[in-house]
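Taken in order, the sequence shown gives residues -22 to -1, 1 to 225; the numbers are from mature numbering (1 follows the signal peptide of the UniProt record, and there is no 0).
Since the hints were made in silico from the structure, they are not lab data. Since the structure is predicted, the reported quantities are computational estimates derived from the model, not experimental observations. Warning: the hint list may mix true and false statements.
Said to hold, decoys possible - No more than 25 Å apart at the CA atoms, straight line, and that leaves these computed lysine-lysine pairs for PhoX-like:
hint	residue 1	residue 2
1	K12	K69
2	K212	K190
3	K204	K185
4	K95	K12
5	K148	K95
6	K68	K12
7	K68	K96
8	K148	K69
9	K96	K69
10	K148	K204
11	K204	K152
12	K68	K95
13	K148	K68
14	K69	K87
15	K204	K12
16	K95	K185
17	K68	K53
18	K87	K204
19	K12	K185
20	K52	K68
21	K199	K12
22	K204	K190
23	K12	K148
24	K12	K87
25	K185	K96
26	K199	K185
27	K69	K53
28	K95	K69
29	K212	K148
30	K190	K148
31	K12	K96
32	K152	K212
33	K96	K148
34	K199	K96
35	K199	K95
36	K69	K52
What the hints assert, rightly or not - Using C-beta positions, here's what the derived DEER-type ranges look like:
hint	residue 1	residue 2	range
37	V42	R198	31 to 37 Å
38	K185	E51	44 to 50 Å
39	E133	P61	19 to 25 Å
40	R182	K152	36 to 42 Å
The C-beta atom is built at its ideal place from N, Cα and C for all residues, glycine as well.
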Amino acid sequence: MRKTLFPLLGMFLILFSSCNFSEDLYINEDGSGKISLNFDGSALMKMGGGNLNETIDEEVLDSVISFRQLLAEKKDSIANLSPEEQERLKKLERFTMRMVVNQKTEEMKIDMYTDFKKVSELTDVFGALQNAGALNAKGEDAPENPLALGSDASEVEYSLQGNTFRRIGKVTNKELLQQAVDSLGPMESFFGTSTYTLNYHFPRPVKSVSQKGALLSQDRKTVTWKVPFLDYMKDPELLNIAVILED
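Based on the provided sequences and hints, a complete structural model is requested.
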């Protein structure tokens, strides 16, 4: 099982180009909570699964991976990386990943999650996520990660001040962002069917939301906002959102 999981860490990064991505955030009254990054690659499985049949030797795989434990097991390989790369990988320690793959039912779902004590800890969660490719078991270069495209050109910040929650994406280098978009090539057609959805759950009802197209649950405690993934890649500020809670 462990032997199978290592190549999958690299494989699931490729699958994002044909997946729907969701960011589920659960915030408690004291500002603590949990973030869960979900990937549904079932559509790709229905298309034949790409190289999955060669990568996964079990018909049904349901595994939970602690990145803290995984990094400890691979400490010798990680020691050969640059200090900068080691520091980036360290950000993965707090994450746990559950991977479910059923070749018979053509299901593939991945969930990466972690708890937090305050919302500001979530700043640039993608920065940690894109580092998973460096955990290639054979020490080879990781496959190109679509989520890493333009990552050096933008950042995401989270904040909760009083009754106001904000998710703010910022372009830090327009030239690098444009280079990333131009380099998409054939992958752009795959991204065309992918979506990025925010599902934010709050402890109190929502008073107002900055995104006019966002949906509210019946109890007004959950906000949902969905955009095409390709559009988000081209404009990291597309998912910027401010949510004001009731007193």
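CB-CB spacing for P61 and E133 relative to the 19 to 25 Å hint: holds, 21 Å
25 Å limit on alpha-carbon distance, applied to hinted pair K12 and K185: With Cα atoms ~22 Å apart, K12 and K185 stay inside 25 Å; holds.
Straight-line alpha-carbon gap K69 to K52, limit 25 Å: holds, 15 Å
Pairwise hint evaluation, K96 against K199, where the allowed Cα distance is 25 Å at most: holds, 19 Å
Pair hint K69 and K87, alpha-carbon separation not exceeding 25 Å: Holds, at about 22 Å.
Pair hint K95 and K69, alpha-carbon separation not exceeding 25 Å: holds, 16 Å
25 Å Cα cutoff - pair K96, K69: Given pair K96, K69 holds - Cα atoms ~16 Å apart, limit 25 Å.
Straight-line alpha-carbon gap K68 to K95, limit 25 Å: Distance of about 18 Å is within 25 Å: holds.
Given pair status - K190, K212, alpha carbons within 25 Å: holds, 21 Å
Hinted pair K190 and K148, Cα distance within 25 Å: Judged against 25 Å, a Cα distance of about 20 Å means the pair holds.
Satisfaction of hint between K12 and K95, Cα-Cα up to 25 Å: holds, 9 Å
Agreement of K12 and K96 with the hint, judged by alpha carbon distance not exceeding 25 Å: Holds, because 10 Å separates the two Cα atoms, which is no more than 25 Å.
Of the numbered hints listed earlier, not one is contradicted by the structure.
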